[in-house]
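Student: Listed below are the residues making up each chain.
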Amino acid sequence: MPIEELTNEDVLQRCSACQSTARVRLATLSIGVGSTLPDDVDGRVLRLPKCPTCKAEEFLIRSIDGQPMPTPGNYAHLHRLLVDQLHAQLAKAGRVDKRLGKLKLSELTSANRKEFFPDGLKLPATPPEKTVRAL
Amino acid sequence: MADRLDYYFRQRVTEAELDLGFALLEKAVHDLAADLRIYGVVSGGVPSPHSPVPDLSIDLTAPARAYDNLGQRLFFGTGQTVSCATDLSGIPTDVSTAGSERWLGVFLRFKRLLSDPRTDGNSQQVFFRRDESFELVVRQAAEGAVGTAPRLALQPDELLLCDVRRRPGQTQVLAADIDTTRRQAFVFVQGSSVGVTTGGWNTLAPATPTVQAALDAIDAELTGHFAGTTHRHPATAVDFTPHGFVGANTVQGAVSELVDDLAAATGAGQVGAGGMPGNPNPLAPGTVATQLTALLGLLNGHVGAISNAHPASAISAAPHNYIATTNVQAQLQSLVAALADSGAANPGASRVGSPAMPGAPVVMAQGTVASQLFALLIGLNGHINEMFSAHPASTISVQDAAARLNAGNVEDALAEVMLALGADHYRANENVGAGMHRAIHQPPFTGTKALLWDAQGTGAGGARLRVYLDADSLWMVMNASWNGTQWAKTSGNVGALRLGRNTFELLHENSSATVFTNWSRSWRLPIDNNAVNSAFELSGSVRETGYCGVKMYNAGSASQFLMQGNVVSFRSRFPAAPSSITLAVRDSSAGVPTTQVQTITRDGFAFTIHANVGSSNWSYWYGDYTAIA
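Protein sequences appear in the order of chains A and B. Numbering follows this note's numbering, in which position 89 of the first sequence is assigned residue number 89; successive positions increment by one, without gaps. Just so we're on the same page, this note's numbering is the position in the second sequence counted from 1, plus 1000.
I should point out that these hints are in silico values taken from the structure, not numbers from a laboratory. Idealized CB from N, CA, C, for every residue including glycine.
Restraint ranges, calculated between C-beta atoms of paired labels, are given here: (1) A:20 with B:1556: 35 to 43 Å; (2) B:1447 with A:20: 48 to 56 Å; (3) B:1531 with A:20: 40 to 48 Å; (4) A:72 with B:1530: 24 to 32 Å; (5) B:1504 with A:20: 35 to 43 Å; (6) B:1530 with A:50: 41 to 49 Å.
Required output: the full structure, derived from the provided sequences and hints.
Tutor: Okay, structure coming up:
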């Protein structure tokens, strides 16, 4: 269930299970996944609302600095950049689990925007699951 | 100068005597003019069409002065208008016949004007004054054809002012109708009466030393000169203004220079030539030289042409032997047809002669190609029909133009071929399927990847299998070839298996590139001691779907918050931690617990559920995870 487009207001989500799409407003999202227990929270994970069609639930994980990156320009790389930018926008807006305190995350550089998203924060590449189905 | 009368004292003078005195004096004046041969129109009396509107009259200018042959003076002080419609007799001067014309003569003649009448002693009326005067006379000649109509003869006591032409239907006398060529202009004195001095003259030798004789001599000289019979000019004596490329200033020099220049090698360049139309080649305007050059170029191009010079049909040729046509095209066609004729009557081969050919054991007799071919056929059939002893194979040489054999005859060549074939194949006489392989031996190949096998299977374009071996790995590639530096696709996606000494790898390439060096997706199994791993390591854009779930039970006596989890290991190692994990439920308890993923790595993630579970109740969640990296 990758995301396919990111704006200042919402994010376009495609369900990996049923392939239906839905726009999710950023104002409803918050970084951090865990139970209600005090220390049970993972700040690298963002939970998206359940798919309105099949109830599947997606978690978006941002990358760690120094982590190996996929081949620049392929689908995996572009999706990771989009997920990291989503995390950065939410952190900038303060949409973070209170247990995580303040988060300051790096946004997409203008050079990367120009090189990989010349038409806006959209995924031009075909996701693997769609390719598989097409074949 | 005049005859005189000597009136004497107490002479009673009569009228006649007084008149005689005036008459003698007047006669002396007239005789003087006649003696000097003075006559003709001195001035004035010039004719012109009547103005302002021309009609059948003409106007004469004034004042006019003239003397007739008798020495009488004619004068008029005002302009005169003379009607040409009728002559002096009142007869019309019209021209009645088309194509004819008539000439009129307008003459001036002397007349006395009588005035001052008086009565003499005899009671007769006389005129005391008899002044000199004039009158204008129009005379007409006979009508005649245009150009040949006669003109009036000159009148002895009249002076011709002009001739006037009348035409049929004419209403106006125009300037073209007035001719003054015969006008009797003033003659002061006869040339024969005026002497000249000829002593210093070089050319003229008049018969007598008078103006008339001198003018006659000049006329004779000029006539002879103009006729070219005498006194012709040398061309060197005729001036010439240099012009163009001729710089001489006499006719002789100019002609010589012109001849020399035209005769010189550059002469043709001095002669202009206009453009000439033509097809296919016109000539542009220029000089004779430029046009000759153009013609020479066209001629040489034509003569030197190796194609398209002429249609062969435009070249005549005499009929000869069995070729009856009369031009080259037709004869060539006839010749080709004759040579190509395969009929029995006159085959082409029978048209071609061939000499006798020595040989052993067979000698070819002289004849035609047809007869020699027939002889060869007879001999060849006899040779082929020989069952056993036609040739030993060792007597048949092998040309081997491609230089593939060491052998020089068929026997040795067959042995050589069988030696090579039998090295890796079974022979037909070894009781095994003929041609079946033994072990395949190959020497070292060149290049970075050696192609060992290229199989097209059923011929489908996307399923061509190639097997390569390089310094480290064996590559089994579907749908791509190695071009020396990179992989080149045949069409569509490419799949490959690489078996190395330390690595086993499945490869896939699905981009739109036609050549590539990096595969878009791979499953790599490290098998060497330093990095051995039981799982494939992935690269590229990959996804994995698996099964996970947790179930928990509240054995307590009251409802309580429970959390339970486990770790899900991916079947293969992702290139990095996935950016998305989706959980899709297959089965869960009625009170669906909250699911969450945490601590995600390239090898897996922590999966937990939590819920408030009632006493002695279950809470569980089972479903599929989909990880994308």
